[in-house]
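Novice: Here is how the chains run, residue by residue.
6 protein chains.
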Amino acid sequence: LKLIDYGDVDVIPVDIRATFQSIEKEVGALLEHGIKVISLGGDHSISLPLLRAHSKKFGPLAVIHFDSHSDTWESEYGKEYPFTHATPFRRAIEEQLIDPNAFVQIGIRGPLYAAGDLDDARALGAQIITINEAFEIGIQSVIEKYHTIVGNRPVYISLDIDSVDPAYAPGTGTPEVGGFNSYQILQLIRGLKNLNLIGFDLVEVCPPYDHGEITSILASNLAFEYLSLLALQIKDNKG
Amino acid sequence: LKLIDYGDVDVIPVDIRATFQSIEKEVGALLEHGIKVISLGGDHSISLPLLRAHSKKFGPLAVIHFDSHSDTWESEYGKEYPFTHATPFRRAIEEQLIDPNAFVQIGIRGPLYAAGDLDDARALGAQIITINEAFEIGIQSVIEKYHTIVGNRPVYISLDIDSVDPAYAPGTGTPEVGGFNSYQILQLIRGLKNLNLIGFDLVEVCPPYDHGEITSILASNLAFEYLSLLALQIKDNKG
Amino acid sequence: LKLIDYGDVDVIPVDIRATFQSIEKEVGALLEHGIKVISLGGDHSISLPLLRAHSKKFGPLAVIHFDSHSDTWESEYGKEYPFTHATPFRRAIEEQLIDPNAFVQIGIRGPLYAAGDLDDARALGAQIITINEAFEIGIQSVIEKYHTIVGNRPVYISLDIDSVDPAYAPGTGTPEVGGFNSYQILQLIRGLKNLNLIGFDLVEVCPPYDHGEITSILASNLAFEYLSLLALQIKDNKG
Amino acid sequence: LKLIDYGDVDVIPVDIRATFQSIEKEVGALLEHGIKVISLGGDHSISLPLLRAHSKKFGPLAVIHFDSHSDTWESEYGKEYPFTHATPFRRAIEEQLIDPNAFVQIGIRGPLYAAGDLDDARALGAQIITINEAFEIGIQSVIEKYHTIVGNRPVYISLDIDSVDPAYAPGTGTPEVGGFNSYQILQLIRGLKNLNLIGFDLVEVCPPYDHGEITSILASNLAFEYLSLLALQIKDNKG
Amino acid sequence: LKLIDYGDVDVIPVDIRATFQSIEKEVGALLEHGIKVISLGGDHSISLPLLRAHSKKFGPLAVIHFDSHSDTWESEYGKEYPFTHATPFRRAIEEQLIDPNAFVQIGIRGPLYAAGDLDDARALGAQIITINEAFEIGIQSVIEKYHTIVGNRPVYISLDIDSVDPAYAPGTGTPEVGGFNSYQILQLIRGLKNLNLIGFDLVEVCPPYDHGEITSILASNLAFEYLSLLALQIKDNKG
Amino acid sequence: LKLIDYGDVDVIPVDIRATFQSIEKEVGALLEHGIKVISLGGDHSISLPLLRAHSKKFGPLAVIHFDSHSDTWESEYGKEYPFTHATPFRRAIEEQLIDPNAFVQIGIRGPLYAAGDLDDARALGAQIITINEAFEIGIQSVIEKYHTIVGNRPVYISLDIDSVDPAYAPGTGTPEVGGFNSYQILQLIRGLKNLNLIGFDLVEVCPPYDHGEITSILASNLAFEYLSLLALQIKDNKG
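Residue numbers (this note's numbering), protein chains in the order written: chain A, 42 to 280; chain B, 42 to 280; chain C, 42 to 280; chain D, 42 to 280; chain E, 42 to 280; chain F, 42 to 280.
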């Protein structure tokens, strides 16, 4: 198994459906060859075609989703527009890409837009570990919890950089205060060790709002940690 | 005639056609009431629905277009996607919103993407005053030239902030070096005096790339100068 | 009870006494109508006229003051100049606006300007929970402590953004390292629930030193949390 | 004659009158010793006490004032507050510190706050070379004009950095687009050669709005140019 | 004992050996007069001549080294170039400037460049408290550990600002995420109390990558804390 | 003739002589294959090994040097250190790499470090067109002048980005106010058409001091213009 830099898929800014088809098709082709894909966003809408591609191969997926927002809205601009960065996980549940018994969201916090935001996500099956719960039970307990929830199912990881506090990751589009620090998010990714990791995206990094490149450096470290887990898997399989 | 702050029209990021309809409809309604509209972008794609709305009332329009790019491409991502910030003036010519005998583009410069970019624009009727020509003949001569071209036709003004040099307007998405300085662009707008001004947009201001708010300050001054011309018109009509 | 956006009171940069009169008068008028006021600074000197206005209606006030500095200096530039952002709480004690038995300062830290700074504040009645004590006993214990101190007295909250660490709030005039993180300050404000909240200010936000707007976003979240507490009060009163 | 770095005078932020007295007294003492003073602001209000100190020694002064604003308002916040950065030159005329026959303002431009701003300044005696006139007649002609106006009178130079365009000097509090470029302002200062230079201030540099320190570098070069003129005077006197 | 500001030693950018000689000689002269030296970098290469100067007087030194990197590489650009900011502590061990039984490195973390980086440092004698261990055992335990290791030996402190997380110290050349926060590093420096402190450097502060001056403010606070420890030593000695 | 992206040569920060050997050797090898080299700095010291490599093939070179500084100092830190960004052109004259009859420096301006700086450069053969002269005679005359000076000799172009004003190129290490604007420098590079161009470097771009990437964008446009001249040469040769 070799790790390759695949590069950009064909993105059409003015047609999200065409972009989704292009992502699903090209990532699907890689998966067919047994290649593991690390996707770097771009906004969170790209998780939907990525989940489509991975689910096509692996069936309904366990998902561990790090974020400050549940991204399970019905729509953002009216029901004719179902695909935005606020809706991917509702669509994925509806399309049965996600196993509703193995879907965990970590770091969710307010201020919420609507009173029912968390309940809506939970009604779709999401097991939410809010930032408050995460800080109360501690990072090691969060890791244990997501291991218990996903078990040995094939698991897809979706990491929104805004799960991290704006002090550590100012370069993002919808920052939410009161989030993880850099050490905590590193621990949360390192904790994925020994899971059946089949896919990963890291989204919502937005350089114009960054400074000193600290968001980019953190994001690249997080991708490196995930890559290291894949390397460990290969090493263990060979051992 | 009163000047009012109309505010935002309904913009749907994932559906440019819906956004265009919304702009055309709401601006059209204002024009029907005899209101003069100042539109602040937003990217240059918005000029197309604005031209549709104004042309519906005034017929094929004379257009004075300040920009570093002609924005007359056939398409940017394939022919299924005709509406982007690189195409509005080709579409407007095709839809006969612009009078091809009274269409002037000022400040155009390279580096061009394709060898034929300027010829393509000229084939559509654009009379191009490149930045080189503008600096050679001087700002007063540019003003005389656009007066000669548009005469007393109803004229729509489209001002892309990237006509200005990045030293004066860093806050934009596709900056091009070697542009107008702030005094020159102010003179070019002041020179519109005594034209039959019926519409105006100022587009492509992008705050995340700005610093010290200098782009925003310049843009607001340019809108203020246009507003002052409208005030002069009213005063002259009353006099 | 409705929440209204009152806007700016009349501020005279060159005459702090005139500004104080204007703040006291206009805020006082709002309080007379039973309106709760959220004041956004501006430097910390504005707390004095705000305390005058609130004390006039509610008598000597309990005060919970989040800050890295005690702001209880005798003066900053010589005794003829008693009103600056370093002196409001000494003046308020002298004017008997604050109940010296119910005055708590949280987050105070050095480097101090003078060896006696903390003792001077304590001599005025301030019960100081330094940042060291806060971190040692934990945020929940700090919340319990301030509840014990203020009880059910009418309590005024003064929140200086420099109580937060500069990593989370760089946009301020006298940053002090080693402060609260964003989650801790959110918890400290949420902990005010069930107190007899009668007034609130949030001061010392200074945008030119900010980046990525992270200080402004944190400050607006803190004001939102306080506003939510007022909403809960109304709901409980109606229940 | 030696050049010395005098350092800060005693500034009281909350009492502009006390600050004015301190500036006038300490600068006056230096002038009494035959020392030439270069004052670096600070906002433009400091020119008034500086003019008082210099006028006390030299009598009513010729003044060359580079600025985008005339700074001759009656007041900024009501007539009880006569001393701000918008009023120093009206006060100086009223106090007969300036010779009204030798007062020239260069670079003045809009947008003006009130229709009468320029006429008010002219009524006080100011001979205004607007930025438009300066660009039309050229920098050399501006230099000739101010030489003609001030002749061999003792002349005080007041240089507001916002006379320069914000692209060259973003670090200032009230930037106005369409100003001098760096070369032009350097030429305007070099053109002071052979005048009877008796005082100089450079004001309104505001570092938090700067970037890459370009405003500070320009300002220090402008002060260096003036200093060089003083050195030339000394050399010529010795020659 | 008086504290004096010595200022810059002679630094030759193009000849690191000449710079090292200059540092060693000038700092050595100060030490001979019984003066305690606080050195502010500059990159970490300067620790080698500083250790040479201090070791010459005090013999092999105990060293407490706060950093994200061990800085014990053999070389960075080939073996002809032994002196860079990646090598000072290997050179110092080889030159027997450091007592290998009393050399502790705190805050070390990855991503490592080579698999053996930590083992190489340990083979030289370094007792490494990685950031993971520091966060697991807590700051107080780290302080106890370094007290146990260095005992009452003369101890030199080397503090690389990149031991701190980039959120708190973006202004540095090789930032590593997942580091200490500002309060923790303050506690770690305050914990040096009662050690036999003989030298201190604070290195790798790089202003162009800073914002809001937060790195500089933190660094100056850390130097102030060390200075306060020296003041306490003097006071205790006099007591 | 094909244009290829060669990438980095081996640079040793702590040994400028080793870096010079590496540049000279690797660029020399390219020139031997008839490849034209565009070198992007890095500081101006790299021009010396580049001139060595080009002179070896082409003999003593005509040089057109755009800069605010002459870079002809004897040394910067004492005579043992002859190689820095202040000395390349003196060394190149001494080593007879430059034809002293065909060496022109354009844009030179103060403030000079030493009274003799310009005379020293002229004594080496440099024909200096100061910024004052350039602005007085106009850009077209400058172009005619350098054509007259270099004629049809093989000519090497060295472009220091600080020849441009800091408003247009803040991202550089020793900015000098009062320089060319972006249009003027573009014209100066376009004016090189029809010369016998054999080498080019563009140096002193320093991203940490940049903002909005305007310096990088200008620099890449200047390299593109030079590249376009090479493309025209090829086309003309084929024609």
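Heads up, some of the hints might be wrong.
Since the list can't tell identical chains apart, any single copy or any two copies may satisfy a pair.
Cross-link-like lysine to aspartate or glutamate pairs, in silico, EDC-like; alpha carbons within 20 Å at most [stated by the list, open to error]:
{"hint": "1", "residue 1": "LYS276", "residue 2": "GLU115"}
{"hint": "2", "residue 1": "LYS120", "residue 2": "ASP51"}
{"hint": "3", "residue 1": "LYS77", "residue 2": "GLU266"}
{"hint": "4", "residue 1": "LYS120", "residue 2": "ASP56"}
{"hint": "5", "residue 1": "LYS98", "residue 2": "GLU115"}
{"hint": "6", "residue 1": "LYS186", "residue 2": "ASP46"}
{"hint": "7", "residue 1": "LYS120", "residue 2": "GLU135"}
{"hint": "8", "residue 1": "LYS97", "residue 2": "ASP277"}
{"hint": "9", "residue 1": "LYS97", "residue 2": "GLU135"}
{"hint": "10", "residue 1": "LYS66", "residue 2": "GLU174"}
{"hint": "11", "residue 1": "LYS276", "residue 2": "GLU177"}
{"hint": "12", "residue 1": "LYS234", "residue 2": "ASP160"}
{"hint": "13", "residue 1": "LYS186", "residue 2": "GLU73"}
{"hint": "14", "residue 1": "LYS66", "residue 2": "GLU121"}
{"hint": "15", "residue 1": "LYS279", "residue 2": "ASP160"}
In short, the hints are calculated from the structure, not lab data. Model, not experiment: these values are computed from the prediction.
Novice: None of the hints should be skipped; say for each whether it holds.
Specialist: Going through the hints against the structure:
1. Taking CA atoms no more than 20 Å apart as the test, LYS276 paired with GLU115 passes in neither setting, with 42 Å inside one copy and 28 Å between copies.
2. Taking the shortest alpha-carbon separations for LYS120 and ASP51, only the inter-copy value of 15 Å comes in at or below 20 Å, while the best intra-copy value is 26 Å.
3. Proximity of LYS77 to GLU266 under the C-alpha cut-off of 20 Å is restricted to the intra-copy arrangement: shortest distance 15 Å within a copy versus 42 Å between copies.
4. Proximity of LYS120 to ASP56 under the C-alpha cut-off of 20 Å is found in both arrangements, the shortest distances being 16 Å within a copy and 12 Å between copies.
5. For the identical chains of this complex, LYS98 and GLU115 are neighbours neither inside a copy (26 Å) nor across copies (39 Å), given an alpha-carbon limit of 20 Å.
6. Within a single copy, LYS186 and ASP46 get their C-alpha atoms no closer than 33 Å, and across copies no closer than 44 Å, so neither meets the 20 Å cut-off.
7. Taking the closest pair of Cα atoms, LYS120 and GLU135 come within 20 Å of each other only inside a single copy of the chain (15 Å); across copies the shortest separation is 32 Å, beyond that limit.
8. For the identical chains of this complex, LYS97 and ASP277 are neighbours neither inside a copy (26 Å) nor across copies (51 Å), given an alpha-carbon limit of 20 Å.
9. Proximity of LYS97 to GLU135 under the C-alpha cut-off of 20 Å is restricted to the intra-copy arrangement: shortest distance 15 Å within a copy versus 43 Å between copies.
10. Taking identical chains as interchangeable, the C-alpha atoms of LYS66 and GLU174 are never at most 20 Å apart, the minima being 38 Å within one chain and 45 Å between chains.
11. With identical chains, the CA atoms of LYS276 and GLU177 are never at most 20 Å apart, being 35 Å at best within one copy and 28 Å at best between copies.
12. When the C-alpha separation of LYS234 and ASP160 is checked against a cutoff of 20 Å, the pair qualifies neither within a copy, at 30 Å, nor between copies, at 23 Å.
13. In this assembly of identical chains, LYS186 and GLU73 lie within 20 Å of each other by CA distance neither inside one copy nor across copies; the values are 31 Å within and 53 Å between.
14. Proximity of LYS66 to GLU121 under the C-alpha cut-off of 20 Å is restricted to the inter-copy arrangement: shortest distance 19 Å between copies versus 24 Å within a copy.
15. Taking identical chains as interchangeable, the C-alpha atoms of LYS279 and ASP160 are never at most 20 Å apart, the minima being 44 Å within one chain and 25 Å between chains.
Checked against the numbered hints listed earlier, the structure breaks hints 1, 5, 6, 8, 10, 11, 12, 13, 15; every other hint is satisfied.
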